[in-house]
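Please construct the entire structure, taking both the sequences and the accompanying hints into account.
Going down the list, the sequences are from chains A and B.
No gaps in the numbering here: position 119 of the first sequence is 119 in the working numbering, and each next residue is one more.
No gaps in the numbering here: position 396 of the second sequence is 633 in the working numbering, and each next residue is one more.
Think about it this way: if two alpha-carbon atoms lie no more than 25 angstroms apart in a straight line, the pair counts; the simulated SDA-like pairs of lysine to any residue are: (1) B/K464 to A/A106; (2) B/K531 to A/S171; (3) A/K220 to A/S201; (4) B/K531 to A/T168; (5) B/K531 to A/A106; (6) A/K220 to B/A645; (7) B/K531 to A/R164; (8) B/K531 to A/S128; (9) B/K531 to A/R167; (10) A/K220 to A/D150; (11) B/K531 to B/A508; (12) B/K531 to A/G131; (13) A/K220 to A/A34; (14) B/K531 to A/G135; (15) B/K372 to B/R384; (16) A/K220 to B/E581; (17) B/K464 to A/G137; (18) B/K464 to A/A132; (19) B/K531 to A/V127; (20) B/K531 to A/L105.
Note that these hints are calculated values from the structure, not bench results.
Here the structure is a predicted model, which means the values were calculated and not measured.
In case you want the letters, here they are:
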Amino acid sequence: MPSALKIALEDLLKTQRLTAEGPPLRGEDRRGTALATGVPGLDDLLFGGLPRGQVSEIHGAASSGRTGIALAIAARSTRAGALAAWVDPHDRLDPRSAADAGIDLARLLWLRGAPGASGGRPLLSAVSAVGALLGSGLFELVVVDLGGIDRAGLQRLPGATWIRLQRTIESQPGALLLVADAHVAHGPAGVSLALRGAGASWSGAPGPGRLLRGLTSEIKAGRHALRGTAVELRASP
Amino acid sequence: MYGALHSPYPLAEGALLAVAHAFTPRVESLLATDVLLDLQGLGRVWPAPEVLGQALLLSGRDRGLTLHAAVASTRVAALVAARGRAGLTVITPGQEAEMLAPLSLDLLDLADDRRALFRRWGLGTLGDLAALPAKGLAERLGPDGPRLRRLALGQDDTPLVPTRAPDTFESTLELEWPIDGLEPLSFVLARVLDPLMAALARRGRRAAALTLELGLVDGACVRRTLKPATPSVEARTWRTLLLLDLEARPPVDGGSWESGRAQSILTVTVAAEPTAARTVQYSLLDPAQPSPEKLAELMARLHEWTAAGRGGAPALLDTHRPGAFAMEGFAPGPPAAGATTPPEPRLALRAYRPPMPAQVVVRDGGPVFVSAGAGVRGPVVDRAGPWQASGDWWDIPWSRSEWDVALAGGALFRIFNDRLRDAWFVDGELD
Numbered sequence: 001m002p003s004a005l006k007i008a009l010e011d012l013l014k015t016q017r018l019t020a021e022g023p024p025l026r027g028e029d030r031r032g033t034a035l036a037t038g039v040p041g042l043d044d045l046l047f048g049g050l051p052r053g054q055v056s057e058i059h060g061a062a063s064s065g066r067t068g069i070a071l072a073i074a075a076r077s078t079r080a081g082a083l084a085a086w087v088d089p090h091d092r093l094d095p096r097s098a099a100d101a102g103i104d105l106a107r108l109l110w111l112r113g114a115p116g117a118s119g120g121r122p123l124l125s126a127v128s129a130v131g132a133l134l135g136s137g138l139f140e141l142v143v144v145d146l147g148g149i150d151r152a153g154l155q156r157l158p159g160a161t162w163i164r165l166q167r168t169i170e171s172q173p174g175a176l177l178l179v180a181d182a183h184v185a186h187g188p189a190g191v192s193l194a195l196r197g198a199g200a201s202w203s204g205a206p207g208p209g210r211l212l213r214g215l216t217s218e219i220k221a222g223r224h225a226l227r228g229t230a231v232e233l234r235a236s237p
Numbered sequence: 238m239y240g241a242l243h244s245p246y247p248l249a250e251g252a253l254l255a256v257a258h259a260f261t262p263r264v265e266s267l268l269a270t271d272v273l274l275d276l277q278g279l280g281r282v283w284p285a286p287e288v289l290g291q292a293l294l295l296s297g298r299d300r301g302l303t304l305h306a307a308v309a310s311t312r313v314a315a316l317v318a319a320r321g322r323a324g325l326t327v328i329t330p331g332q333e334a335e336m337l338a339p340l341s342l343d344l345l346d347l348a349d350d351r352r353a354l355f356r357r358w359g360l361g362t363l364g365d366l367a368a369l370p371a372k373g374l375a376e377r378l379g380p381d382g383p384r385l386r387r388l389a390l391g392q393d394d395t396p397l398v399p400t401r402a403p404d405t406f407e408s409t410l411e412l413e414w415p416i417d418g419l420e421p422l423s424f425v426l427a428r429v430l431d432p433l434m435a436a437l438a439r440r441g442r443r444a445a446a447l448t449l450e451l452g453l454v455d456g457a458c459v460r461r462t463l464k465p466a467t468p469s470v471e472a473r474t475w476r477t478l479l480l481l482d483l484e485a486r487p488p489v490d491g492g493s494w495e496s497g498r499a500q501s502i503l504t505v506t507v508a509a510e511p512t513a514a515r516t517v518q519y520s521l522l523d524p525a526q527p528s529p530e531k532l533a534e535l536m537a538r539l540h541e542w543t544a545a546g547r548g549g550a551p552a553l554l555d556t557h558r559p560g561a562f563a564m565e566g567f568a569p570g571p572p573a574a575g576a577t578t579p580p581e582p583r584l585a586l587r588a589y590r591p592p593m594p595a596q597v598v599v600r601d602g603g604p605v606f607v608s609a610g611a612g613v614r615g616p617v618v619d620r621a622g623p624w625q626a627s628g629d630w631w632d633i634p635w636s637r638s639e640w641d642v643a644l645a646g647g648a649l650f651r652i653f654n655d656r657l658r659d660a661w662f663v664d665g666e667l668d
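Quick look at the structure:
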């Protein structure tokens with residue numbers, strides 16, 4: 001091989017390896033590395049991103065920005081060539097919002113709960129599906145949308161549910177992210193992000209032609225919520 | 238030593254080959270009525286050519302076929318003798334020319350113009366042609382003249398080219414004792430699938446689809462056909478897919494394998510639809526793609542979701558109708574080229590499907606109070622709108638005035654007034 005071509009190829013490999021953030025190559029173990037979220041400020045708050053092989057959670061009240069943040073993390077994964085799954089027992093995901101967030105929809109497996117289903121069955125089915133998704137090892141990120149499910153609904157699940165899922169994901173290079181109204185569970189090395197809506201921003205004075213510009217979300221990380229950041233979620237055009 | 242079988246009447250495709258394959262795998266099928274057999278090495282089993290010839294005829298008779306057979310030391314001698322003589326003909330080595338001489342020249346596969354020419358020359362039998370000088374034939378007919386003369390003398394000009402048996406990838410296992418349940422079936426399937434997939438792999442093929450037939454003790458038959466997105470030759474993957482399918486759709490209405498209401502299984506037949514093996518060039522720089530076998534297995538495990546159309550990849554539709562999308566099968570291809578950096582985080586809609594009916598108090602043309610239950614209730618503290626939208630007047634029309642509202646608790650919702658029904662709905666929560 002001509003030396004110039006060899007040098008160019010080595011440079012290319014070096015560059016690609018340095019910037020590579022896609023799924024692991026065959027045999028590569030990335031469990032020790034964090035899954036970057038791609039959200040400005042959040043990666044610094046989490047010291048690199050969501051820990052792989054752990055159950056993490058994002059919780060907050062309605063309009064706290066939890067769905068927007070979760071979609072941004074999924075967008076970061078799918079655009080890097082990895083697969084993401086969105087388990088949605090109450091069928092709340094809006095594909096238009098997912099596309100606006102930058103998700104490569106072809107790389108997002110969306111499991112939607114049946115319409116009108118109530119009681120604990122949708123949640124049990126969702127947990128069962130999460131087990132299959134984690135066990136396959138194909139997904140870098142599995143999001144479970146528990147938003148809108150109250151504490152009584154979550155208590156219908158068997159007590160060891162989250163421990164079992166944590167044990168399942170421990171051997172996998174992906175991350176499991178719970179999106180909920182309040183604290184549910186997280187792994188021993190997983191993160192718990194508490195979100196709070198810090199107010200919406202609007203364009204101009206009330207009246208015709210006014211637009212919702214976005215929402216500021218305050219994020220606190222850790223059990224004692226000592227560290228925090230604020231993220232601006234812009235409304236889709 | 239060669240043998241030939243000839244049927245005086247056309248037979249179904251493969252009938253003659255089946256007779257011949259019972260004796261040797263080296264068989265050449267010529268026409269619908271002729272087949273040649275390479276009998277080299279069968280002398281230890283059949284001590285005399287006559288016995289072997291009789292066995293060939295008997296084998297055909299067992300299948301309901303009336304055949305003519307010949308055994309000779311050359312292919313052409315055996316073939317012509319079988320065509321020209323009824324019953325069994327055995328030609329001892331060195332006697333080919335003598336035995337073929339009285340037979341008609343039409344028994345050779347001649348072109349029409351060549352046959353007409355020989356007729357004009359007054360040739361009627363193979364002996365007539367063999368008696369002509371090779372040099373004279375070469376001068377008049379070129380290289381074809383001596384070649385035809387050699388055939389008339391019973392001398393071969395080409396070797397036997399065996400016809401390959403048609404590729405059928407099917408395997409059946411008849412059980413001595415009926416089995417119940419999926420667990421014992423799993424072991425039986427492994428015994429059937431392992432050699433079947435190995436046979437496919439040896440031929441450089443993959444199974445694009447698999448058909449499983451279970452013969453039950455009451456004579457009924459359960460048939461399942463699986464066709465995953467990607468062909469596979471992994472026996473373990475196919476076994477898992479078949480078991481998951483049987484588990485998800487028990488063969489008896491209202492019954493299941495576990496409940497014991499399903500019938501016991503007596504025979505297991507698996508047939509594979511072969512397809513050419515896929516050659517994939519892996520990229521040095523792109524991330525590794527998911528294994529198609531693993532993906533097919535996962536989708537089978539998620540049958541509860543995918544069967545109802547509630548699992549897959551969402552796809553946007555080319556329409557302005559709010560909330561319009563389609564669910565497509567989850568088969569991720571190579572990552573899209575382009576920037577991998579996602580846009581900044583966006584506000585997302587948590588949709589209510591169907592939209593939640595709401596009672597809205599309107600003052601000065603805008604909503605001031607929203608009540609829709611389930612936490613969506615309160616005075617509107619801020620709002621943006623209305624945004625008028627309509628469409629599909631030629632199909633199922635829709636027309637709405639949209640508002641983004643902030644309620645007193647801080648929650649943001651998208652509400653709309655359906656102008657066709659004059660009713661308010663909550664489209665979803667902005668989160």
